[in-house]
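**Q** Okay, here's what each chain looks like letter by letter:
Protein chains: 4
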Amino acid sequence: MTNRKVGLWLIGAFGGVGTTVTVGLTSLCRGLAQPIGLVTAKPLFQNLDLVEPHEWVIGGHDVRAGSFYESATGLMERSGVFGYALLQAVKNDLDQFSKNVQPGIWINESSTHTGENNHIVLCQNPKNAVAQVCEHLQTFKKVHGLDRVVVVNVASTEPIYPLDERHQSPSALLNSLTEPCLPPSSIYALAAIQSGCPYVNFTPSLGASLPALELLAQQHKVPIAGKDGKTGETLLKSALAPLFAARNLRVRSWVGHNILGGGDGRTLNSPANKESKVKSKDVQLPSILGYPLQTHVSIEYVESLDDWKTAWDHIHFEGFLGTKMTMQFTWQGCDSLLAAPLVIDLARLIDFAARKGESGIVKPLACFFKSPEGVTEHDFFKQTTELENWVRSHHPLSAR
Amino acid sequence: MTNRKVGLWLIGAFGGVGTTVTVGLTSLCRGLAQPIGLVTAKPLFQNLDLVEPHEWVIGGHDVRAGSFYESATGLMERSGVFGYALLQAVKNDLDQFSKNVQPGIWINESSTHTGENNHIVLCQNPKNAVAQVCEHLQTFKKVHGLDRVVVVNVASTEPIYPLDERHQSPSALLNSLTEPCLPPSSIYALAAIQSGCPYVNFTPSLGASLPALELLAQQHKVPIAGKDGKTGETLLKSALAPLFAARNLRVRSWVGHNILGGGDGRTLNSPANKESKVKSKDVQLPSILGYPLQTHVSIEYVESLDDWKTAWDHIHFEGFLGTKMTMQFTWQGCDSLLAAPLVIDLARLIDFAARKGESGIVKPLACFFKSPEGVTEHDFFKQTTELENWVRSHHPLSAR
Amino acid sequence: MTNRKVGLWLIGAFGGVGTTVTVGLTSLCRGLAQPIGLVTAKPLFQNLDLVEPHEWVIGGHDVRAGSFYESATGLMERSGVFGYALLQAVKNDLDQFSKNVQPGIWINESSTHTGENNHIVLCQNPKNAVAQVCEHLQTFKKVHGLDRVVVVNVASTEPIYPLDERHQSPSALLNSLTEPCLPPSSIYALAAIQSGCPYVNFTPSLGASLPALELLAQQHKVPIAGKDGKTGETLLKSALAPLFAARNLRVRSWVGHNILGGGDGRTLNSPANKESKVKSKDVQLPSILGYPLQTHVSIEYVESLDDWKTAWDHIHFEGFLGTKMTMQFTWQGCDSLLAAPLVIDLARLIDFAARKGESGIVKPLACFFKSPEGVTEHDFFKQTTELENWVRSHHPLSAR
Amino acid sequence: MTNRKVGLWLIGAFGGVGTTVTVGLTSLCRGLAQPIGLVTAKPLFQNLDLVEPHEWVIGGHDVRAGSFYESATGLMERSGVFGYALLQAVKNDLDQFSKNVQPGIWINESSTHTGENNHIVLCQNPKNAVAQVCEHLQTFKKVHGLDRVVVVNVASTEPIYPLDERHQSPSALLNSLTEPCLPPSSIYALAAIQSGCPYVNFTPSLGASLPALELLAQQHKVPIAGKDGKTGETLLKSALAPLFAARNLRVRSWVGHNILGGGDGRTLNSPANKESKVKSKDVQLPSILGYPLQTHVSIEYVESLDDWKTAWDHIHFEGFLGTKMTMQFTWQGCDSLLAAPLVIDLARLIDFAARKGESGIVKPLACFFKSPEGVTEHDFFKQTTELENWVRSHHPLSAR
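Chains A, B, C and D, in that order, give the protein sequences. Taking our numbering, I'd label the letters of the first sequence as residues 5 to 404. Taking our numbering, I'd label the letters of the second sequence as residues 5 to 404. Taking our numbering, I'd label the letters of the third sequence as residues 5 to 404. Taking our numbering, I'd label the letters of the fourth sequence as residues 5 to 404.
It is possible that part of the hints are untrue.
The list cannot tell twin chains apart, which means a pair is met if one copy fits it or any two copies do.
Stated by the list, open to error - Straight line, CA to CA, 25 Å or less: simulated DSS-like cross-link-like pairs of lysine-lysine:
no.	residue 1	residue 2
1	Lys131	Lys146
2	Lys360	Lys146
3	Lys46	Lys386
FYI, nobody ran anything at the bench for these hints, they're computed from the structure.
Chain A extracted, bound-state conformation (with noise of 0.2 Å):
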């Protein structure tokens, strides 16, 4: 056993998906849990060295004041899962990691910030806010020891931001930090690159995915990746269109339709909110098919399922002799317990890169994307190959 050490660094630590990650990974250094759902867990991986639950030390950033235990047992109540026993078992676990959570950043500017989330530390600008984001983690690897420290964005959703000139260059982008020019999520994200940090956008946030961050992550030797956690409904799209393409069936029509609760469905129901994830959501399938169709996807909040996210996909496309067919499905997956585990597998993947010397977006890790940065293929599988190649291109002996 080594006496490594890394951070893992959650922007919106205490929300489902922040507080899954922590359940899991204490749950997994107690034997209390199987690595199901971690893609790290399988045979292609185990010559890596990634690192282990027991070596990750948690702490981030949330606007809202809790902590992971009292966020756990809300999900239990609300979403039915973990268990009381399970987090009883690791409640302590939970508690020393929430010590490491800080208050979120808030830029003094024109939109308020709302009634819960008051757990911020007000900057005036986004200077000011990056140089505070930094000074967190400085202090957080410093206290901990730590060899790295990844930062991860499970924050929810924000509106989309639009781009200018300030954004197509490092030099642009820093001389404009003292007045308003980054949302939130890129304010995080620009730190995590000044500060070293490997940095990873679950979210459909702008995060890192504009140019002058791309080219400071670069610069800086900073692997990143993203965006946008591709986790149920856009994941069986990927893996579904692919079948139309090699079997010639014309897809006349796919409508998508989610339906979920919980904190990031509630994020959803304001329109400007909801936009960027539909966006996330609606760009594979003419890609993979290949031709344009018509595609709808909409995503509603129903408050009653919580964590729990419905989709119904109705997909009418034509066969031989103009034959028109209909596949429909229904997914329920709970939101949270389908994101953590790619979290963890990204964090173990972009220390990983980081360890390797990779710098700039790691393309290589699009499969675990809806909006892969860098890359154009949709194509699960072809997505899938590609991480594998990649992983025997540093050890080429991996198990298949």
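Use these hints to put chains B, C and D onto chain A, whose structure you have.
**A** Frame of chain A; chains B, C and D shown alone:
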């Protein structure tokens, strides 16, 4: 335009699949249909000089008296496919091809034939029956001046046929032909192989799937392929199971309930025939997932559905921290229309294999079959990659 | 056989519903169809001497030039209904009735008519338009020697039309007719009422649903009924919600997602028109269940579906000890074919009401409508009981 | 508050249903749950002075050693119901009631009991077994000073038991009791009736459903009701089929596929036991619709589902002009939680019937049962009207 003429000999010609193959090829020939659902219409296959619609001459066997036009009209009226105008436009072509359909062979043994299947040639034993089929094939080839005849079994599913030592070698089998030793599907397969005709078994019946016939195909330099076309629910399984595997989600149970009417459905209403089908549908999941799981496949005959098959699949899986989630799908497809383009694909590809001098089982065709012979891989996308590799091994510059 | 002849005047005659009504009545008349889907074909109604298929003479208005045969052929080709043989058999009848279809009225105001809807009579104001429609109705009645003309609105859904004090009394309304004050549907309704024609509004448009016209109908002794035929998803809601109520299961959310193509779908693609429809579909559940709950109804136009509507409903309910459970359904129905028999039912029953001297809203017809006028009961089975009681109030010995 | 105390004697007490009844009544008693899912909590029943939660004393028989708390914990862990906090709050109550559960009776005949069901009293013949059960009931009543004891069968489904002339009259049956002549469910029923205890059969087992016991119940002035609680898929059928009937839509086929785990599912895995269940589920549709149609019901044991039952129903119907349309639904319910409130309802109502002097089959309770005794009406809403009429016959002013 070449002067090439190739025969397509359909066993069970007037059934739904055989009829749709014939309507389809004549419609394609007259420019009345697009090649939707034809895998070999994709760019990858364009350099292979595959047999074109106008180059096929269709014939076959059937135990029913009838005609392609009559069967096609029945399908149109009951299942709402083809359209009136299309059938009128190809009626003459259908009638020409109907003339090439010979009565089915019938061995004079204990099991008596049913009343409606009385378009038969009574044979004393398998030896006579094989000779009769060979004569039909030779006549067909000679009358139409064909370069080659491809034989495809699209007849109703037979009950499981037990194998013994007589089926292990060509000599043992050939010495047993004066007594009952083969089901009808295998008698046709034997005749095809002895006549040098490439053979495809699109059904779950025995066909050429016994050591004696596989060896004989090699000896006669005849390529063969089978068995049981992967058209609907099983196709979906072989595309979705790899997704669960890739994400390390643990499938706990996978239940598939199929309902269909039509001739195929009616045959499956007999428990013995159903057994063949269910067996063919139920082997893939443990193979792809790599662990045992509870699976259940049922098929029921529902008269009102005619040729439309509806499958409902319920997939119960465990995600992170043991959280149980569910995917369900329904598939509403018209069986004959899904099968027919694959039959055309297989006819084109097995003819190509023959031209390239391949013999015995053509394993790269596995992606077309529920129970691919000589292949243990059931993952549809890996099977597809094998097909692509095979094409490129013959034509390295083939399009992606 | 009587010498009775009754007119059926369809507003929007060449649309899917109007066309199917006409194909249906002519097919029934010629003994080519069974009265499946016709409520009034049930034993209960056999003593009422309702108008029989051969007694109807069909006419109407449409803003499209065309014919019943042309529309019917289009429906057959796109949506796979009717069948070629049936349409040939009734072609002559359809052509006779097509001659009775007049151009639609069009008020010469700011909103210009679209290019394809150019089969119109331009009118200077509502007053002229009403006069024009009255003339059409009188001519129809006179030419064919009809005992009565029943007017049914089956035209496309209009946007919501705001009401004001002009719509509160007959006199106020009649004094306003020289300026824009009514949507087209209400102009037709006013003309019907003034002409003494029983009027049915099968759409969510305004029609006769304003105090001024309801009072006018009473004054003119004209029975009216509406609005918005209950054909599919809403029908199911009104049958299933009573089940949850009867078992005291608490529905927490009910989400309905509708997709459809065809002319109706295309109209709904306009947000203003969609609003009328969604509003009509979303009022029932709290009424039946007796408590507020989260409901969501969406409708999207999916071109490839043509006249087939698919609805997916997700019902999330709480059982004993707060246990959350789920029911989902999908409904795949052909809208015109579901609507047409109900239009025939309503025409027969409102004619019956007229014969019996009823006037104003005929409330016992509530079971046919999504937004039944003058009735707060949405439980389908209670509504059906009201219909049965009404029948028995006229014919006490009617069969169960 | 009265001093009334009434016994609820559950046969199969520690099964999922019996356990949930007990958790439910104790939770209601302590104000920890709302009466959701209880029909008798509706306003209609408020004047009937039905037995309140705190007035029940629970006991019963079970062939498994165990306790309510143990069973409840198992259900919580496997099926995610109840919640940890609730079970802790009622643990003492459960433990008190567990003391009242007696071993099951077991006749010493050829069929040997299985290993895990060994909490039994061996009896030589039915006569002894009945005497033993009577003694248990008397002791229970005496020890707790109960006004009355209601007996409810919630044990596992038995195989179909063939009837003969011994089962036609009380005297014939009572004279046969020294030899094997009744399944266990009927032995309990006989003992209940002889002890003057109202009896409810919530399962498809024989119970009191034989002429001899129905007559005996009348002679002993004991009200009885059964059989097979209508909790899920069959309930939906009995609400949806009337809709198709009301609209004169012709159902061509209705296929139901049920999957479930848990104890009930495991029992049904035995073909003989499954036969009872399927038979009970398959009789309603032709009765409600009024014509024969193809129906198919299947039930499969799927271990991973535990106590959650999923039903998929596919309804294929013909609309106007022979147009085929489809409705599908899936129902995901937790069987024990659906059944338990109905058991409480039935216990309250059969006690009420006893107080009102009713005896023999209480037909107005038909809406609770899949195979209602003495009643041919299967339409849920008509059955519900019968129940309402019965209530009002006793209390004319009961609320709607």
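**Q** All hints are to be evaluated individually against the structure, with a verdict given for each.
**A** Here is how each hint holds up against the structure:
{"no.": "1", "hint": "Lys131 / Lys146", "result": "within (23 Å within a copy, 82 Å between copies)"}
{"no.": "2", "hint": "Lys360 / Lys146", "result": "within (23 Å within a copy, 68 Å between copies)"}
{"no.": "3", "hint": "Lys46 / Lys386", "result": "both (18 Å within a copy, 18 Å between copies)"}
Checked against the numbered hints listed earlier, the structure breaks none of them; every hint is satisfied.
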